[in-house]
Amino acid sequence: APALLPIALARLRDGWPQVQIMVKSAANGVLLDELRARELDLVVGRMSDPRLMGGLSFELLHTEPLVFAVRAGHPLALKAASVQAVLGYPLVVYGEGTSPRHNTESFLSARGLVLPTNALQTLDVAVARALVAVSDAVWITPLGAARGELADGRLVQLRIETAGTEEPVGLLQRSDAEPSALRAAMAALLREAAREQGAVPPAARPKRGG
1 APALLPIALA
11 RLRDGWPQVQ
21 IMVKSAANGV
31 LLDELRAREL
41 DLVVGRMSDP
51 RLMGGLSFEL
61 LHTEPLVFAV
71 RAGHPLALKA
81 ASVQAVLGYP
91 LVVYGEGTSP
101 RHNTESFLSA
111 RGLVLPTNAL
121 QTLDVAVARA
131 LVAVSDAVWI
141 TPLGAARGEL
151 ADGRLVQLRI
161 ETAGTEEPVG
171 LLQRSDAEPS
181 ALRAAMAALL
191 REAAREQGAV
201 PPAARPKRGG
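Using my numbering, the first residue of the sequence shown is number 1, and each one after it goes up by one.
If you are wondering where the hints come from, they were derived from the structure by calculation, not from laboratory data. Glycine included, each C-beta is placed from N, C-alpha and C at the ideal position. Keep in mind that the hints are not guaranteed to be accurate.
Here are the in silico distance ranges between beta carbons for each label pair [said to hold, decoys possible]: (1) Pro50 x Glu96: 15 to 23 Å; (2) Asp41 x Pro75: 43 to 51 Å; (3) Glu166 x Gly97: 19 to 27 Å; (4) Thr122 x Leu60: 25 to 33 Å.
All chains, please: the whole structure from these sequences, using the hints.
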């Protein structure tokens, strides 16, 4: 969602310059509750537990894996890194109860590892990006949250295989929502942004001496 929203919102503003727009970031469950209560018009997020999806529709926009992101020049970015080596550095992860956090813990558990208790937890993508940019911390995050920084080189993706961590990200709306030209326009712009964001930035490659 962090990669899709700015593009879609900028284009929506071009076509609907007088519309008041509010963007809210929160845990998936909170957003779905507010969507169901008609406090939000639509949500861009991950497919949730089926028990939480009552009265809502989900339209897949794309899938995204977990990535291990670090600042350019980070010691782990200069060579092939192991997951064990990553645990020797400060970690930035999502908060408990979120899908990315569950995926992170499952990924580590499958390798006989556990998430260190001192990992910094935050749902604030801006805080995570800023912290990683000025320290040796490693951010374990869905690709979309770091895509822009990975693409322009401010952050680097470690060469750690994360196949199997892909999560569906999509557009959630109320099943009984009345037709709305504005909501339809935003949905179309999100689909367009998702198509444009299809390419995955390359992972960091070890530098060779010489």
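Go ahead and decide if the range 43 to 51 Å is satisfied by the Cβ distance of Asp41 to Pro75. For Asp41 and Pro75 the Cβ distance comes to about 45 Å; the hint holds.
Please test the hint of 19 to 27 Å on the beta carbon pair from Glu166 and Gly97. holds, 20 Å
Is the distance from the Cβ of Thr122 to the Cβ of Leu60 consistent with 25 to 33 Å? holds, 27 Å
Starting from the range 15 to 23 Å, see whether the pair Pro50 and Glu96 falls in it by beta-carbon distance. holds, 21 Å
Going down the numbered hints, you'll see the structure goes against none, and every one checks out.
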